[in-house]
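S.K.: What follows is the residue order along each chain.
There are 2 protein chains.
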Amino acid sequence: MLTGIHVVMIGGDARQLEIIRKLSTLDAKISLVGFTQLDDGFIGASKQDLDEVMWESVDAILLPIGGMSTEGTINSVFSNKTLALEANHLKATPDHCTIYTGIANDRLKRMAEQANCDTVLLMERDDVAIYNSIPTAEGAVMLAIQHTDITIHQAKIAVLGLGRVGMTVARTFQALGAKVKVGARDSHLLARITEMGLTPFHTDDTKKELTDVDLCINTIPAKVLTSSVLAEMQQHAFILDLASKPGGVDFAYSEKRGLKAMLVPGLPGMVAPKTAGKILANVLADLLLEQAQP
Amino acid sequence: MLTGIHVVMIGGDARQLEIIRKLSTLDAKISLVGFTQLDDGFIGASKQDLDEVMWESVDAILLPIGGMSTEGTINSVFSNKTLALEANHLKATPDHCTIYTGIANDRLKRMAEQANCDTVLLMERDDVAIYNSIPTAEGAVMLAIQHTDITIHQAKIAVLGLGRVGMTVARTFQALGAKVKVGARDSHLLARITEMGLTPFHTDDTKKELTDVDLCINTIPAKVLTSSVLAEMQQHAFILDLASKPGGVDFAYSEKRGLKAMLVPGLPGMVAPKTAGKILANVLADLLLEQAQP
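These protein sequence lines are chains A and B, in that order.
Take the position in the first sequence, starting the count at 1, then add 21; the result is the number in this note's numbering.
Take the position in the second sequence, starting the count at 1, then add 21; the result is the number in this note's numbering.
To be clear, the hints were calculated from the coordinates, so they are not data collected in a lab.
Any given hint might turn out to be false.
Repeated chains share a single entry, so a pair holds when one copy, or any two copies, can fit it.
[To be verified] With a straight-line Cα cutoff of 27 Å, these simulated DSSO-like cross-link-like pairs (lysine-lysine) come out: (1) K229 <-> K244; (2) K177 <-> K299; (3) K229 <-> K295; (4) K43 <-> K102; (5) K281 <-> K295.
Work the whole structure out from these sequences, hints included.
M.R.: This is the structure in structure tokens:
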């Protein structure tokens, strides 16, 4: 249980509701900042302004997945007010107070460092990335069905990368009856691709291997789909780039050639906000329980 | 080959393009009626009006999947003109001339009978129904991802019916990691559901079995989701009705209760027109080859 633990949640989207629900069940004391339009009454949670929070008793600060803007503001879909977390808020917190956020820009990192607050980047954790790969793969399936005029079943599909997302995506499309090949570089990954019943290829051969595919799904955060690779692809091929911004596709060239290519980071919050919220809620609850009973 | 075989194609949608392509490859002579806006030049195909067709040499007439309206007109997405097939057109054809259509209403059946033309209903064929179940299941996956806030993975799903569509739908959602139970009546179907690693239940228990599901997919063309069944379902449950019109759901009641329920027949032409066209083209080509070389 998190009885006696004081958590400040600042801003966010539908995913935050699952986190509030979970922490409320665990008996945490929750200060909700930027939730003025939220109807639900959660036990142990109270709506506050940033300046009303008793910062000296705060054990943990929860920011949205997107963290903080470069201007220092925090987004909330539940409020029209600008939320500006300031250095003096953080400085008033006890030493052990930890900031949990999806990602952190330099401004947030600097502010946390100056206030001596530990920062946990949830989206960099392997467990979160693997759980999130499930709604990501389902989002890719949805987009593939929407944006092609053929079935996934029997379609020729190339997945680039067998990381935390690539493995889930490859397995998902294989399960739907597609002919899936997967590009990787390391020999142990090529072995794993083979073990999974998929067709492996070395990323050095990407250009040749993509000439016959109907759909290419990239998960590698590097310029792998260069103009030279794109130039040889079939005109009807659809390209889904799941790598973090700016992705791995030469989008200027793909547009010029008339190839349909989309950069779609952040699918979990889009296609399954409730599941995506639960994923974060479970991991956060574990981390806070560890922090409470070290 | 279909050399010397004269086929008249009247109206249709994107699926017809695959049929024209296939029959053109097989060297058939094709009269295209209602394709004025079609750019592609296909070898052996010529655009004609209904009154220009040399009906006395016609071996086969291809109508769209929807067949003929009750007013006797035929739809075409490639023309703005009204296409009205008349009895005297059919009467001018030779005895062996066969009409191929998706479905047929009474007007078309009567007209064909009076002209002594055999009629083949493609959508009633088992092979077409099973091939079409693939894009249908993918369409169901797309709608399930779009209309729920959870992942299919680990969702509780009930499929009603293990017919040509139900089996594909159950297997597809199972492959995506859902917890799938399937309702059927016959003992051999309950055995098959068990063999497939799915959870079987008797349709007599539908009411009880649907109380805990996140998603229910109906494939049974009878009123199975009555108000009494719907009344006990979870408020967030999503209902997809794939049975032919009018479906198996009491939609008036589901709307009253605020349950999200959709009747979606005709998914193949919507989500994968090219594949759906190829399915028809392959079956049609086989049937015409049989007719040509009995």
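S.K.: Each of the hints needs a verdict: does it hold here or not?
M.R.: To see whether the hints hold, each was checked on the structure:
Taking identical chains as interchangeable, the C-alpha atoms of K229 and K244 lie at most 27 Å apart only when both belong to the same chain, with a minimum of 16 Å there against 53 Å between chains. Taking the shortest Cα distances, K177 and K299 sit within 27 Å of each other only across copies (16 Å), while inside one copy they are farther apart (34 Å). In this assembly of identical chains, K229 and K295 lie within 27 Å of each other by CA distance solely across copies; the values are 25 Å between and 40 Å within a copy. Within a single copy, K43 and K102 get their C-alpha atoms as close as 26 Å, which meets the 27 Å cut-off; across copies the closest is 61 Å, which misses it.
Within a single copy, K281 and K295 get their C-alpha atoms only as close as 30 Å, which misses the 27 Å cut-off; across copies the closest is 17 Å, which meets it.
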